[in-house]
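Enquirer: So you can see what is in the structure, the chains are spelled out below.
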Amino acid sequence: MSTVQWYFPDTIDEAIMYLGREKVVPHGGGTSLLKSGIASLNGLVDLSRLGLDSLKMDKGILETGASLTYGEIADSLANLHPDCILGKALGAAASTPMRNRITAGGSASVFPLWSDLIGPMAVLNASICVEGKNAGTYDLNSWLADRSLQQGSLIISLFYPDPVDWISYYHRETRVGFDYPSFTVSILARKNGSRVEKVRVAVSGGLDRVRRLGELEEKLSGGDVSAVDKIDVKRMATMEFGRKPSGSPEYLSEMAALQVERGLRTVLLGEVVSR
Amino acid sequence: MKGSFVVNGRSVEWSFEPDATLLDVLRDNGHPEVHRGCDEGSCGACSVLLDGKLVNSCQVFAASSTGKDILTIAGIGTIHEPHPLQTAFVETGAIQCGFCTPAMILAALALLRKNPNPTDEAIRSALDGNYCRCTGYVKIIEAVRLASRRMSAHD
Chain A
-15 MSTVQWYFPD TIDEAIMYLG REKVVPHGGG TSLLKSGIAS LNGLVDLSRL GLDSLKMDKG
45 ILETGASLTY GEIADSLANL HPDCILGKAL GAAASTPMRN RITAGGSASV FPLWSDLIGP
105 MAVLNASICV EGKNAGTYDL NSWLADRSLQ QGSLIISLFY PDPVDWISYY HRETRVGFDY
165 PSFTVSILAR KNGSRVEKVR VAVSGGLDRV RRLGELEEKL SGGDVSAVDK IDVKRMATME
225 FGRKPSGSPE YLSEMAALQV ERGLRTVLLG EVVSR
Chain B
103 MKGSFVVNGR SVEWSFEPDA TLLDVLRDNG HPEVHRGCDE GSCGACSVLL DGKLVNSCQV
163 FAASSTGKDI LTIAGIGTIH EPHPLQTAFV ETGAIQCGFC TPAMILAALA LLRKNPNPTD
223 EAIRSALDGN YCRCTGYVKI IEAVRLASRR MSAHD
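Read top to bottom, the protein sequences are chains A and B. For what it's worth, my numbering labels the leading residue of the first sequence as -15, then goes sequentially. For what it's worth, my numbering labels the leading residue of the second sequence as 103, then goes sequentially.
Each statement offered as a hint is correct.
Capping the alpha-carbon separation at 30 angstroms, the derived lysine-lysine pairs in DSSO-like fashion look like this:
id, chain 1, residue 1, chain 2, residue 2
1, A, Lys7, B, Lys104
2, B, Lys170, B, Lys155
3, A, Lys19, B, Lys155
4, A, Lys175, A, Lys214
5, A, Lys40, B, Lys216
6, A, Lys203, A, Lys72
7, B, Lys155, A, Lys72
8, B, Lys155, A, Lys40
9, A, Lys72, B, Lys241
10, A, Lys19, B, Lys104
11, A, Lys40, B, Lys170
12, A, Lys117, A, Lys43
13, A, Lys72, B, Lys216
Keep in mind the hints are simulated off the structure, nothing from the lab.
Pulled out of the complex, with its shape left as it was, chain A reads as follows (with noise of 0.2 angstroms):
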């Protein structure tokens, strides 16, 4: 007979003194806590009455609010902004049933190997807005180098600055539609005629989670789109991966950096490569 307690807060403040109690922790919808199972645990916040299901666009700033779901996120950016990558990676993500139960926050709290949140995030240089003990701002980086940050803290949303007006590329590796990815690239670029204004590349599913191209980026940006084919695009898009259900480390690697070349070659070039 399970124990734990449910809490359902109407203020973030109620929701935060909760969340300070050992061993409470928020559900905003999802599944990562079915899976992993909760009879560890005391108690669990119910986020669904903090109001925290907004998506806004302020100067050029997209505010996804943490109880968004995947998709809530990409049916509002299909209609309002279809080239976002956001909108593109989410509406791609698991199953219908279970975009509508995925949320941006809870996402961003477990970020799973198999995230199609992590890349654009990385690519937009977004953000996570914290309440609670740690809140403040974070960017990625500093939020995947500390999970303690978690402890007592609600994560209130998820900042996109300067997401539209880019030409992008989401890729998940998939055996089959439905599939965890193995890897994601994603890819934005600006162009002005035949010059690159700027790109920016990210993988996730390897070993360091995420990681931005940055040798990659520096060498194409505010260059010729024709660099694409003179520099060695797979020799700075090759990461190190662990074994998977999907393909050796090896192989993973490969395909990576395989797949980060035909992206490149699509946004730079308008190449359409099929698989």
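Got chain A sorted already, so can you dock chain B onto it with the hints?
Expert: Chain B in isolation, oriented as in the chain A frame:
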């Protein structure tokens, strides 16, 4: 713990364990039409509409669903007055063993409420969380297309 729900338009109050899933609670309280499949959110057989949105009821805590509207297949039509989607599934032969069918129809209903004239791609996307191991999906997509045409004609 106790919680109130509105199931197929009827207000109910049920007792359940704090870690019970919505699937457990529905099946324990007279809703065997919600099928237990994989129990891990992959197959979609347990799908219901929760406040109008398709969810895997095996992946939802009952506690987090209190106060919400739940629609199961039993709430959309009867044997004497079937929903156009139910009729379309029968007429196109989109049913074989029938295990996935209740959830498949609810997935289609959620789609048609949002998008009354979906493309085949939109139908495939909307049904991407519902497995059928008999039909191969061709007849199912045909059934959704047929229901869409009929429901649009009635509007």
